[in-house]
Amino acid sequence: MISLAGRDILHGWGKFVFTGVGLGLLIGVTLTMAGVYRGMIDDAQVLIDNSGADLWVVQKDTLGPYAESSSLYEDIYRGIVIMPGVAQAVNVTYFTMQVRHGERDVRSMAVGIVPGEAGQPGWPPYLVAGRQITRSHYEAVADIATGFKLGDRIKIRRNHYTVVGLTRRMVSSNGDPMVFISLKDAQEAQFLKDNDAIVQNRRRTAENPNFNRPGVPGLLEAVIASQSGNPYVNAVLVSIKPGYTAEQVAEPIRRWKRLTVYTRAQMESILIEKLIATAAKQIGMFLVILTLVSAAIVAFIIYTLTLGKIREIAVLKLIGTRNRTIAAMIMQQAVGLGLIGFAVGKIAATFWAPIFPKYVLLLPSDSLRGFVVVVVICALASVLAIRAALKVDPAEAIGG
Amino acid sequence: MADSYGIRIEGVRKRYGEGDTAVDALKHVDMQVAPGEVVGLIGPSGSGKSTLLKCLGAVIEPTAGRMTLGEQVIYDDGWKIPDLRALRRDKIGFVFQAPYLIPFLDVTDNVALLPMLAGHSNAESRKRALELLEALDVGHRAKAMPSQLSGGEQQRVSIARALVNRPPVILADEPTAPLDSERALAVIRILNQMASQYETAIIVVTHDEKILPTFKRIYHIRDGKTHEEAGEGRGFD
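Chains as they are written, first to last, in my numbering: chain A, 1 to 400; chain B, 401 to 637.
For the record, the hints were derived by calculation from the structure and aren't laboratory data.
Predicted, not measured: the structure shown is a model, and the values here were computed from it.
Mixed in with the good hints there might be a few duds.
[To be verified] Ranges of calculated distance between the beta carbons of each label pair, as one might list FRET restraints: (1) 322/A <-> 540/B: 43 to 53 angstroms; (2) 482/B <-> 311/A: 48 to 58 angstroms; (3) 482/B <-> 310/A: 47 to 57 angstroms; (4) 464/B <-> 311/A: 53 to 63 angstroms.
[Unchecked claim] Here are some chain A residues the structure puts well away from chain B; computed CB gaps all over 10 angstroms: (5) 11; (6) 19; (7) 45; (8) 153; (9) 276.
Every residue gets a Cβ at the ideal spot worked out from N, C-alpha and C, and that includes glycine.
Hey, can you work out the whole structure from these sequences and the hints?
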């Protein structure tokens, strides 16, 4: 038996292809939305992986440096590094800001890292160009997504930095590219005020009788000095020695240091289930709406195409064509339209994904899932047209 | 008239609706057509021609009467055939006023579709189709699409489609209406040839006066009743 659907598609291929392209662009948007969601998860994953940490020690009862504000004294790491099972414990700061480059601002996450060497927690694990930071001040390593180049001068707060290295896929959980600077610079930048504010603050402190006591020389200077520096970091990143489990090392730190410690699994859970949960729901809603719109479009197109063939369907029924043959013809056309649409959508998504400002991760498994959904939706969408076709009276072919 | 019958209709009635609004489209129809015979069925609009054709084509159910195809009773105050679709496919050929060819199938497959639907292989179905197309002098257009054919060629293809399963009966609903005299007579000539060649009983519903002289027998239908009369039976020599 010949394929009636195939012949009909070949006969009116232009109509099918153009409709399929339109549908395909919609499917492409749907696949891209799924890719955006996957990209967010991947961003969270690489943030954890690239930190090089096994444990995150953060301010008690906070969710850590990526999800909430966390503040620890910078000397806390000294007590952690001597705990059993701790290989390395290093301070780190994270803050999102606009980094100025020439006339443009780049939304970035500035990461403050302590002097050391590649492989140390917090450091970018690899570079694609240049070198790591070797000086204590005013050098930066930037993610390539910032658009910065080696030797570029960038401005963070009031200070200028030279880009000495470039790395890749070092992004925050929001997808903002990272810029690594030294911890001291980062601590200063995090709380640095402008000159007017500093003068005003000093004046306010000097006028406070609690800090400026006539009988206590040096107190005012000490207070002002303490206000000028920033002895805080956002977290201590800990790597553990071989032979220890993360929980074995984390539990004594929680108990004795009275701090909150997250393992890698817990941090993943915070990032994925808490931090990007709302965005994921938002994308999920878009996916549902786009799926419904796609289904409505396929249903409408197939229904219209079927109504245009009522006389032919009546003739087919009159000459003895089974209902299931006619139903299969319509369903195959709907699925054929879906296949054209899926192919166009997949190609379109593959081509436009790299242009998106945030990372779009198109997983083969999502494509496969999308393919199945498209086929099922197209099959379901053809039901309306099949019902209309099966209602056609073969007597219509005879007229009268 | 031959002793055996391709189709025989006795006392067929068809009533639409019920009660006060009931309409008797067919009141009493008797008709018989022998294998190889072509008869005309004429009548004014609303006389019941299309209703009779639909009853004969097993598309609508008569209210009462008896219909026999060859030796097989297909209706006797109720359908006697469980699968009317298969009956239409295997035993009845249809030729319409417009050819109604399937626009997305080429000429060969338009004709071969019926044997394919009946379960024959594609190759065998196409072989049968090509034989008929050759016999009807449209073999050279076998690969053409319906839209590429002239009106006369399309009608010949639709006749081939009606004949391809070798049905004992063909119902032709005003097959010459859209054609000029020459082409109309050519179609009737073909129907007569095919009727003789394949022993098919053909009923031609028509308003077309130019083809009336070609029938040996004509049934008039008026007010739901048929009356038989002899035609001129003018040959094509």
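Against the structure, the hints come out as follows:
no.	hint	result
1	322/A <-> 540/B: 43 to 53 angstroms	violated, 33 angstroms
2	482/B <-> 311/A: 48 to 58 angstroms	violated, 28 angstroms
3	482/B <-> 310/A: 47 to 57 angstroms	violated, 27 angstroms
4	464/B <-> 311/A: 53 to 63 angstroms	violated, 31 angstroms
5	11	violated, 3 angstroms
6	19	holds, 16 angstroms
7	45	holds, 51 angstroms
8	153	holds, 67 angstroms
9	276	holds, 49 angstroms
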